[in-house]
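Trainee: Sequence:
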Amino acid sequence: MELLKQRILKEGKNLGRGILKIDSFLNHQIDARLMEAVGEHIAAEFAAARPSRILTAEVSGLVPAAMVGKALGNIPVVYARKHKSITMVEPVFMETAPSHTKGNEVALMVSPQFLHKDDRILIVDDFLATGRTIDALCRIVQSAGADLLGIAAVVEKTFEGGRDMLAAWGVPIYAAATITDMSEGKIILM
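If you use this note's numbering, the sequence shown corresponds to residues 10 to 199, in order.
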């Protein structure tokens, strides 16, 4: 998606260790029009699969996932919480994944109330890097007995190997923008 690539090159900052700072339009401040365009772009890739729900991880995946859900006809968007709310009744679907930016393990929890065995799930997240967070979401879908239809990310960093790890799930994987190299302070897009 050319508009997204231009914004990454213009405003993105390579912080080293594979960390891309794009918080001027996605991870802290949101450019709603850009995210709506990204949502429409991703939705077009998966519309034929007819997902019934979108699944994402709290927090940065929420806006792109919501925009994809809206573009697919306002289908529900479920997000895996990182902290259990007092309103979340046991048992819950729970998996853990390492956080690249926080440097620790995070728990991802979804209430069975919002994820059913007859659901057709599209996972949408902000980044596809190592794939570990998305893999945890895939395991949650599997635990629920739902069908995993595909995986989408706003930005993929191919040099971190996440796509290869997620290939075992046997579903289409799509990214709106793909970064192939961030060595020596560069940001190289495909």
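If you are wondering where the hints come from, they were derived from the structure by calculation, not from laboratory data.
Hints should not be assumed to be uniformly reliable.
[Claimed, not checked] If you anchor each label on the Cβ, the simulated ranges turn out as follows:
1) Val98 - Asp190: 24 to 34 angstroms
2) Ser192 - Glu114: 23 to 33 angstroms
3) Gln38 - Glu99: 31 to 41 angstroms
4) Lys30 - Pro100: 14 to 24 angstroms
5) His92 - Glu193: 31 to 41 angstroms
6) Leu12 - Pro121: 21 to 31 angstroms
7) Glu11 - Pro107: 29 to 39 angstroms
8) Glu49 - Arg129: 13 to 23 angstroms
9) Phe123 - Ser192: 22 to 32 angstroms
10) Phe168 - Lys126: 33 to 43 angstroms
11) Arg59 - Phe168: 15 to 25 angstroms
[Unchecked claim] No farther apart than 25 angstroms at their CA atoms in a straight line, the calculated lysine to any residue pairs in the SDA-like style are these:
12) Lys22 - Leu71
13) Lys126 - Asn113
14) Lys22 - Thr187
15) Lys30 - Glu11
16) Lys19 - Lys126
17) Lys195 - Gly159
18) Lys14 - Glu114
19) Lys19 - Leu43
20) Lys79 - Arg90
21) Lys30 - Thr187
22) Lys14 - Arg148
23) Lys79 - Ile95
24) Lys19 - Arg90
25) Lys14 - Ala153
26) Lys22 - Glu45
27) Lys14 - Ser61
28) Lys93 - Ala185
29) Lys195 - Ala177
30) Lys93 - Ala58
31) Lys126 - Arg90
32) Lys79 - Glu114
33) Lys30 - Ala145
34) Lys19 - Ala41
35) Lys195 - Ile39
36) Lys91 - Glu54
37) Lys30 - Ala75
38) Lys79 - His50
39) Lys19 - Glu45
40) Lys93 - Ala153
Glycine residues also receive a C-beta, built at the ideal position from the N, C-alpha and C atoms.
Trainee: For each hint, tell me whether it holds in the structure or not.
Mentor: Hint check results:
At about 46 angstroms, the CB distance of valine 98 to aspartate 190 disagrees with the hint of 24 to 34 angstroms. The hint said 23 to 33 angstroms for the Cβ distance between serine 192 and glutamate 114, and at roughly 27 angstroms that hint holds. As the Cβ distance of glutamine 38 to glutamate 99 is approximately 36 angstroms, the hint placing it in 31 to 41 angstroms holds. A beta carbon spacing of about 37 angstroms between lysine 30 and proline 100 contradicts the range 14 to 24 angstroms that was offered as a hint.
For histidine 92 and glutamate 193, the Cβ-Cβ distance of about 38 angstroms falls inside the hinted range of 31 to 41 angstroms, so the restraint holds. Take leucine 12 and proline 121: their Cβ atoms lie about 38 angstroms apart, and the range 21 to 31 angstroms is violated. Between glutamate 11 and proline 107, the C-beta spacing of about 32 angstroms keeps the proposed range 29 to 39 angstroms intact. For the pair glutamate 49 and arginine 129, the beta carbons lie near 20 angstroms from each other, so the given range of 13 to 23 angstroms is met.
Distance hint for phenylalanine 123 and serine 192: a CB-CB separation of about 40 angstroms, inconsistent with the stated range 22 to 32 angstroms. Distance hint check: the CB atoms of phenylalanine 168 and lysine 126 are about 36 angstroms apart, consistent with the given range 33 to 43 angstroms. For arginine 59 paired with phenylalanine 168, a C-beta distance near 33 angstroms fails the hint of 15 to 25 angstroms. The suggested pairing of lysine 22 with leucine 71 holds, with an alpha-carbon distance near 22 angstroms, which does not exceed 25 angstroms.
Note on lysine 126 and asparagine 113: the hinted pairing is violated, with a Cα-Cα distance of about 31 angstroms set against a maximum of 25 angstroms. Among the hinted pairs, lysine 22 with threonine 187 is consistent with the structure: their alpha-carbon atoms are about 15 angstroms apart, no more than 25 angstroms. Pair hint lysine 30 plus glutamate 11 holds up; C-alpha atoms about 18 angstroms apart against a cutoff of 25 angstroms. Taking the CA atoms of lysine 19 and lysine 126, the gap is about 43 angstroms. The hint is violated against a cut of 25 angstroms.
Distance check on the hinted pair: lysine 195 and glycine 159 sit about 30 angstroms apart at the alpha-carbon level, beyond 25 angstroms; violated. For the suggested pair lysine 14 and glutamate 114, the alpha carbons sit about 30 angstroms apart, so the restraint of at most 25 angstroms is broken. Distance check on the hinted pair: lysine 19 and leucine 43 sit about 14 angstroms apart at the alpha-carbon level, within 25 angstroms; holds. About 21 angstroms separates the Cα atoms of lysine 79 and arginine 90, which keeps this hinted pair within 25 angstroms; it holds.
For the hint linking lysine 30 to threonine 187, the alpha-carbon distance of about 15 angstroms falls within 25 angstroms, and the restraint holds. In summary, the hint linking lysine 14 to arginine 148 is not supported, as the alpha carbons are separated by about 30 angstroms, beyond the 25 angstroms threshold. Of the pairs offered as hints, the one joining lysine 79 and isoleucine 95 is violated, with about 28 angstroms between alpha carbons and a cut-off of 25 angstroms exceeded. Distance check on the hinted pair: lysine 19 and arginine 90 sit about 32 angstroms apart at the alpha-carbon level, beyond 25 angstroms; violated.
Between lysine 14 and alanine 153 the CA atoms are separated by roughly 35 angstroms; this puts the pair beyond 25 angstroms, and the hint is violated. A C-alpha spacing of about 22 angstroms is found between lysine 22 and glutamate 45, which places the hinted pair at or below 25 angstroms, so the restraint holds. With a CA separation close to 29 angstroms, the supplied pair lysine 14 and serine 61 exceeds the 25 angstroms bound. At roughly 31 angstroms between alpha-carbon atoms, lysine 93 and alanine 185 are farther apart than 25 angstroms, so this suggested pair is violated.
Only pairs whose Cα atoms come within 25 angstroms are accepted, and lysine 195 paired with alanine 177 is rejected, the gap being roughly 30 angstroms. Restraint check for lysine 93 and alanine 58: the C-alpha separation of about 31 angstroms exceeds 25 angstroms, so the hint is violated. The hinted pair formed by lysine 126 and arginine 90 meets the criterion: a straight-line CA distance of about 20 angstroms does not exceed 25 angstroms. Among the hinted pairs, lysine 79 with glutamate 114 is inconsistent with the structure: their alpha-carbon atoms are about 31 angstroms apart, more than 25 angstroms.
Of the supplied pair hints, the one linking lysine 30 and alanine 145 holds, its CA atoms being roughly 23 angstroms apart against a limit of 25 angstroms. For the suggested pair lysine 19 and alanine 41, the alpha carbons sit about 17 angstroms apart, so the restraint of at most 25 angstroms is met. With a CA separation close to 24 angstroms, the supplied pair lysine 195 and isoleucine 39 stays within the 25 angstroms bound. Proposed proximity of lysine 91 and glutamate 54 is contradicted: the alpha carbons are some 28 angstroms apart, above 25 angstroms.
Taken as a hint, the lysine 30 and alanine 75 pair is honoured in the structure, with Cα atoms around 21 angstroms apart against an allowance of 25 angstroms. Taking the CA atoms of lysine 79 and histidine 50, the gap is about 12 angstroms. The hint holds against a cut of 25 angstroms. Between the alpha carbons of lysine 19 and glutamate 45 the distance comes to roughly 19 angstroms, so the proposed pair stays at or under 25 angstroms and holds. At most 25 angstroms may separate the alpha-carbon atoms for a hinted pair to count; lysine 93 and alanine 153 meet this at roughly 18 angstroms.
The earlier numbered hints that this structure contradicts are 1, 4, 6, 9, 11, 13, 16, 17, 18, 22, 23, 24, 25, 27, 28, 29, 30, 32 and 36.
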